[in-house]
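Undergrad: Sequence:
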Amino acid sequence: MHFSMGTEYAIHGLLYLALKDQGEVVYVRDIARAQNVSETYLAKVFQQLARSGLVISYRGAKGGFALAQPPERITMRRIIEATEGSSPLFNCLQSRRDCKLGDDCEIRKVMNRVEKMMLEILDKTSLVDILDSFRGHEEEVGWLTKLLAERNERVTSVQK
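Count the sequence shown with my numbering and you get residues 12 to 171, in order.
With a straight-line cut-off of 27 Å between C-alpha atoms, the simulated DSSO-like cross-links for lysine-lysine are:
{"hint": "1", "residue 1": "Lys31", "residue 2": "Lys73"}
{"hint": "2", "residue 1": "Lys120", "residue 2": "Lys135"}
{"hint": "3", "residue 1": "Lys111", "residue 2": "Lys127"}
{"hint": "4", "residue 1": "Lys73", "residue 2": "Lys55"}
{"hint": "5", "residue 1": "Lys31", "residue 2": "Lys135"}
{"hint": "6", "residue 1": "Lys55", "residue 2": "Lys31"}
Here are the computed distance ranges between Cβ atoms for each label pair:
{"hint": "7", "residue 1": "Pro81", "residue 2": "Arg124", "range": "28 to 36 Å"}
{"hint": "8", "residue 1": "Asn123", "residue 2": "Asp41", "range": "39 to 47 Å"}
{"hint": "9", "residue 1": "Leu133", "residue 2": "Asp41", "range": "22 to 30 Å"}
{"hint": "10", "residue 1": "Ser15", "residue 2": "Asp115", "range": "29 to 37 Å"}
{"hint": "11", "residue 1": "Tyr69", "residue 2": "Glu95", "range": "23 to 31 Å"}
{"hint": "12", "residue 1": "Tyr52", "residue 2": "Cys110", "range": "37 to 45 Å"}
{"hint": "13", "residue 1": "Tyr38", "residue 2": "Cys110", "range": "46 to 54 Å"}
{"hint": "14", "residue 1": "Gly74", "residue 2": "Pro99", "range": "33 to 41 Å"}
{"hint": "15", "residue 1": "Ser97", "residue 2": "Tyr52", "range": "21 to 29 Å"}
{"hint": "16", "residue 1": "Asp32", "residue 2": "Leu100", "range": "34 to 42 Å"}
{"hint": "17", "residue 1": "Glu117", "residue 2": "Arg84", "range": "31 to 39 Å"}
{"hint": "18", "residue 1": "Arg124", "residue 2": "Tyr69", "range": "38 to 46 Å"}
{"hint": "19", "residue 1": "Lys55", "residue 2": "Asp115", "range": "37 to 45 Å"}
Hints in this document: simulated from the structure, not taken from any laboratory. The C-beta atom is built at its ideal place from N, Cα and C for all residues, glycine as well.
Construct all of the structure, not just a fragment, from the sequences and the given hints.
TA: The following block contains the structure:
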């Protein structure tokens, strides 16, 4: 199984937005620079995310993107489906030819179970879960290091 580079860009881009204040509009250019990725390609990915309702696209001089929902409501499954689609992972060619097993096929059963388990995990994992997993590893995260530090400062100052 292989997810496209667009999925990776989407996940990292959404993590970037999740570290900003709720509703803050961010330029794709800034996200691309922070991640050292192609701005043109990232803009296309963000248009997919906008069509899927994960981000809001703002046009004009102050245009950019913001999360459409709180980061705890954006799951890995929704991100992957926005970039990869929601087609089943396994489509048996034999079932479209002369195979009569149908749902009794052990190959199909195994593949469907694996897909179901994967989707359950992706459904339970939000952007906040990913960000929380970085705590204590800020230096290893690279491009997120500065953003994580800024977020921690904002949270600390609000709690005081």
